[in-house]
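From first to last, the protein sequence lines stand for chains A and B. Counting from 8, one number per residue, gives the positions in the first sequence under the numbering used here. Counting from 92, one number per residue, gives the positions in the second sequence under the numbering used here.
Hints were generated in silico from the structure; no laboratory data involved. Hints should not be assumed to be uniformly reliable.
What follows is a set of in silico ranges between Cβ atoms, one per label pair, in the way DEER data are often shown [claimed, not checked]:
no.	chain 1	residue 1	chain 2	residue 2	range
1	A	ASP184	B	LEU284	32 to 40 Å
2	B	ILE116	A	GLN292	51 to 59 Å
3	B	PHE444	A	LYS208	33 to 41 Å
4	A	LEU316	B	VAL229	43 to 51 Å
5	B	PHE287	A	GLY162	49 to 57 Å
6	B	THR562	A	ASP144	34 to 42 Å
If we take Cβ atoms under 7 Å as the criterion, some of the chain A residues that face chain B in the derived model are [unchecked claim]:
no.	residue
7	GLY146
8	GLY170
9	LYS203
10	ASP204
11	GLY207
12	GLY222
Small disclaimer: the values here were computed from a predicted structure and weren't measured. Ideal Cβ positions, reconstructed from N, Cα and C, are used throughout, including at glycine.
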Amino acid sequence: MLFSKRRFMGVLAASMVASAPGYAVADGWTPRKPIDFTIMAGPGGGADQIARFIQSVAEKKDLTNRPLVPNNKGGGSGAEALIHVSGANDPDHTILVTLNSFFTTPLRQENLGIDIQTFTPIAMMGVDPFVLWVHKDAGITTFEGYVEEVKSMNGEFVMGGTGQGQEDSIVIAYMSDAYDLDIKYIPYSGGGAVAKDLAGKQIMATVNNPAEAKGFYEAGDFVPLLAFSDERMPAYPDVPTLKEKGHDFSYYNQRAVVGAPGMSDEAAAYYQDVFTQIFESEEWQGYLDSESLSPLWMDASEQQDYWGLQVENHRKLLAALGE
Amino acid sequence: MEVLALLTDGMLVALQPLNLMMIVIGVSVGLLIGAMPGLGSVNGVAILLPVTFLVPPGAAIIFLAAIYYGAMYGGAISSVTLGIPGASTAVATTFDGRPLAIQGRASLALVTAALASFVGGTVANVLFTLFAPALASVALSFGPPEVFALMLLAFATFVGLGGDDIPKTVFSICFGLVLGSVGFDQISGAPRLILFEMNGFLQGIGFLVLAIGVYGIGEMLWTIEQSRGAVTKTTPKMTVKGMVSDAKDATKRGWKGTFVGSFLGFFVGVLPAAGATPGSLMSYGVTKMISRKPESFGTGNPDGVAAPEAANNSASTGSMLPMLTLGIPGSPTTAILLGGMVIWGLTPGPRLFVDEQEFVWGLIGSFYVSNAAAVLINLAFIPLFIWMLRMPFTVLAPVIFVLSIVGGYAATRDMFDIWLMVIFGIGAFFLRRFDYPLAPAVLAIVLGPIAEPTLRQSLLLSSGDPSIFFTRPVAGPITIIALILIFLPAIKLFRGKRKTASDVNSG
Numbered sequence: 008m009l010f011s012k013r014r015f016m017g018v019l020a021a022s023m024v025a026s027a028p029g030y031a032v033a034d035g036w037t038p039r040k041p042i043d044f045t046i047m048a049g050p051g052g053g054a055d056q057i058a059r060f061i062q063s064v065a066e067k068k069d070l071t072n073r074p075l076v077p078n079n080k081g082g083g084s085g086a087e088a089l090i091h092v093s094g095a096n097d098p099d100h101t102i103l104v105t106l107n108s109f110f111t112t113p114l115r116q117e118n119l120g121i122d123i124q125t126f127t128p129i130a131m132m133g134v135d136p137f138v139l140w141v142h143k144d145a146g147i148t149t150f151e152g153y154v155e156e157v158k159s160m161n162g163e164f165v166m167g168g169t170g171q172g173q174e175d176s177i178v179i180a181y182m183s184d185a186y187d188l189d190i191k192y193i194p195y196s197g198g199g200a201v202a203k204d205l206a207g208k209q210i211m212a213t214v215n216n217p218a219e220a221k222g223f224y225e226a227g228d229f230v231p232l233l234a235f236s237d238e239r240m241p242a243y244p245d246v247p248t249l250k251e252k253g254h255d256f257s258y259y260n261q262r263a264v265v266g267a268p269g270m271s272d273e274a275a276a277y278y279q280d281v282f283t284q285i286f287e288s289e290e291w292q293g294y295l296d297s298e299s300l301s302p303l304w305m306d307a308s309e310q311q312d313y314w315g316l317q318v319e320n321h322r323k324l325l326a327a328l329g330e
Numbered sequence: 092m093e094v095l096a097l098l099t100d101g102m103l104v105a106l107q108p109l110n111l112m113m114i115v116i117g118v119s120v121g122l123l124i125g126a127m128p129g130l131g132s133v134n135g136v137a138i139l140l141p142v143t144f145l146v147p148p149g150a151a152i153i154f155l156a157a158i159y160y161g162a163m164y165g166g167a168i169s170s171v172t173l174g175i176p177g178a179s180t181a182v183a184t185t186f187d188g189r190p191l192a193i194q195g196r197a198s199l200a201l202v203t204a205a206l207a208s209f210v211g212g213t214v215a216n217v218l219f220t221l222f223a224p225a226l227a228s229v230a231l232s233f234g235p236p237e238v239f240a241l242m243l244l245a246f247a248t249f250v251g252l253g254g255d256d257i258p259k260t261v262f263s264i265c266f267g268l269v270l271g272s273v274g275f276d277q278i279s280g281a282p283r284l285i286l287f288e289m290n291g292f293l294q295g296i297g298f299l300v301l302a303i304g305v306y307g308i309g310e311m312l313w314t315i316e317q318s319r320g321a322v323t324k325t326t327p328k329m330t331v332k333g334m335v336s337d338a339k340d341a342t343k344r345g346w347k348g349t350f351v352g353s354f355l356g357f358f359v360g361v362l363p364a365a366g367a368t369p370g371s372l373m374s375y376g377v378t379k380m381i382s383r384k385p386e387s388f389g390t391g392n393p394d395g396v397a398a399p400e401a402a403n404n405s406a407s408t409g410s411m412l413p414m415l416t417l418g419i420p421g422s423p424t425t426a427i428l429l430g431g432m433v434i435w436g437l438t439p440g441p442r443l444f445v446d447e448q449e450f451v452w453g454l455i456g457s458f459y460v461s462n463a464a465a466v467l468i469n470l471a472f473i474p475l476f477i478w479m480l481r482m483p484f485t486v487l488a489p490v491i492f493v494l495s496i497v498g499g500y501a502a503t504r505d506m507f508d509i510w511l512m513v514i515f516g517i518g519a520f521f522l523r524r525f526d527y528p529l530a531p532a533v534l535a536i537v538l539g540p541i542a543e544p545t546l547r548q549s550l551l552l553s554s555g556d557p558s559i560f561f562t563r564p565v566a567g568p569i570t571i572i573a574l575i576l577i578f579l580p581a582i583k584l585f586r587g588k589r590k591t592a593s594d595v596n597s598g
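Throw the hints in and build the complete structure from the sequences for me.
In structure tokens form, the structure reads like this:
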């Protein structure tokens, strides 16, 4: 329905004529000091893992002459990061790793005065699908079993997530609405903390990105029940999608890098070049594969169009959920 | 036994010439980074991560572990000599380390810190070696109610102390809690307590900003007032013989703190929510509580130096555990190490101990070697730091001021925080003038942001029923002990047995 990845691809295909990742080599501008690499989430979650990975690739391949310094600012569903980056006094040395709260947080908190279209597009590194997980000790093996269990508990079924209005809560809210489920939702500081508390059986189920749950899945602790992707995921071929269950809904988390508002064109070209190289590196392509992300490459103007589309879609979705 | 063989192999690997060189360089660099106010192990590891791509992964992780250890040792140095916490993990070290330095016993404080750090690191390494998988499941059994109960216990250790003025302690804690809740509310995501509508408060009040303000600038003002313009200077002497006698003294008067810090620090470090800073503060509180002379804390008790230093080293090893076994970093520094591991092709998580035994035990082996190297290098540097203290305070005060400002800026790179720091420094000076204890406020601003969300998560879990803190097997006993400690002073007061608070002399 609203969030089909392919549909966006279709919309954007028209403008993709001459958009093969180009190397706009910026001879002139290079960073003069360490680069503030702000992350819109707390340590350990999906966004954080990706940021750390990107930083490591940049270091390993020696792509930047000054280090990227990760800076976790997850407070207020990423509002802390948006304020920090939009108020950066040195926009040429401030970049931000985003997720969908890049769209939802300014919508939900209009008083922050954040206009995401003022941010500088740099790179769309991929989109991350969502999966519904339970602990193996719960004895639930199918989505139908899960629905039955939730209903039998009369509102006492506990799920953890990263906060009201965050990506996982949008998915949970859609699912609850579609299946008439009454779920007790506990907000955490990040996806890592959520996965840890499912492993410790403090909560009964989560909607996490595969990267956040993979370690526990491989150890046999987590059972995936349902994917919120367009098609079944190669890494989890036996896990059905919500679309197969007859609901036209899929939802992805964007993994994109943006620059601070007011970044100079030279600096933007420099970072676009760096992140294009990271995107095309063997390491990143391998990461996309092993962590079940889908590539969704866009150039700068396509990214800004994509932001506009996503803001509209999230506006509708949040309104439908009564946010 | 297989574990021991792997561990021995790991240590032998760490002793190879290249690796040993990485350890010596890493510890020395870490020591200096840790000693610089504002820069801690996080910055050290982040800045030096690129270096690790020049050497094989084994040497790289050894290098990072060495920086990590060096920084933990180094944090104590400026805490003691200048009164500015070198890193957030060394804030509690200033409580007693600074008074010792003013009394001309800086060498005792530094030797105590070095030895306690060594013991803390060693205890943590042994616990890690023997019980890593079991401890990982302990960490998992700590849900929101358990973490909240633990935080309650930490506050209780600071309130339930004889000797201090209880109402003033409670006021100080509440003040810290209010400061700690500035910024975004984790549960609802809404901004709150944005004082004067200033955007700088949206990011919350950084702990290091408060700590440097209170202990760096506040302490400087206090010393200036105490000396009333007289050219005071301490004349510490530093000889090998003196150091040996300091070591004996440190062992005799700091063993209790070392013991508490080593074990409590490790345990708190293992919990992913906490890390080394809460671990060192809690160890300080507990050591003070079980001491026969709690009133001597804050005036230069070696136990008060040993406890946080043993704890921060122990906790830094402890926080490796959730990272390696669960893939969840227990501290910001381990989060950066995690990034390094991923690029070396290792997946931290439950499978790591099974799939990558060689790496895991090699890493732990290098912890042992780094720790030993760190204590030796640190002891060798102590005379240099002592020599620095021989400068008259009239020279030292501007140095402290500049270092505080630079350190505060290095931590957040935001001028707003510098002004806040100066305001906190002046505020702290006046609070101290009126005998308000400042340590509880510092504790509250660290623990408040952990305690508050866990309290609300717990109440969401139980639909608002507070009995959740009493009925769960782990949370229950902790909550009850905490409540007893909190109300102990009231009970004592009721029985008329409370010792009259002795007037705190200006130190």
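Do the hints match the structure? See the list:
1. ASP184/A <-> LEU284/B: 32 to 40 Å: Between ASP184/A and LEU284/B, where Cβ atoms are some 34 Å apart, the hint holds.
2. ILE116/B <-> GLN292/A: 51 to 59 Å: violated, 35 Å
3. PHE444/B <-> LYS208/A: 33 to 41 Å: violated, 21 Å
4. LEU316/A <-> VAL229/B: 43 to 51 Å: holds, 47 Å
5. PHE287/B <-> GLY162/A: 49 to 57 Å: violated, 42 Å
6. THR562/B <-> ASP144/A: 34 to 42 Å: violated, 21 Å
7. GLY146: violated, 19 Å
8. GLY170: holds, 5 Å
9. LYS203: holds, 5 Å
10. ASP204: Holds - the Cβ of ASP204/A comes within 7 Å of chain B, reaching about 6 Å at its closest.
11. GLY207: Since the shortest Cβ distance to chain B is 3 Å, the answer is holds.
12. GLY222: OK, holds: GLY222/A within 7 Å of chain B, min 2 Å.
Hints 2, 3, 5, 6, 7 from the earlier list are contradicted by this structure; the remaining hints agree with it.
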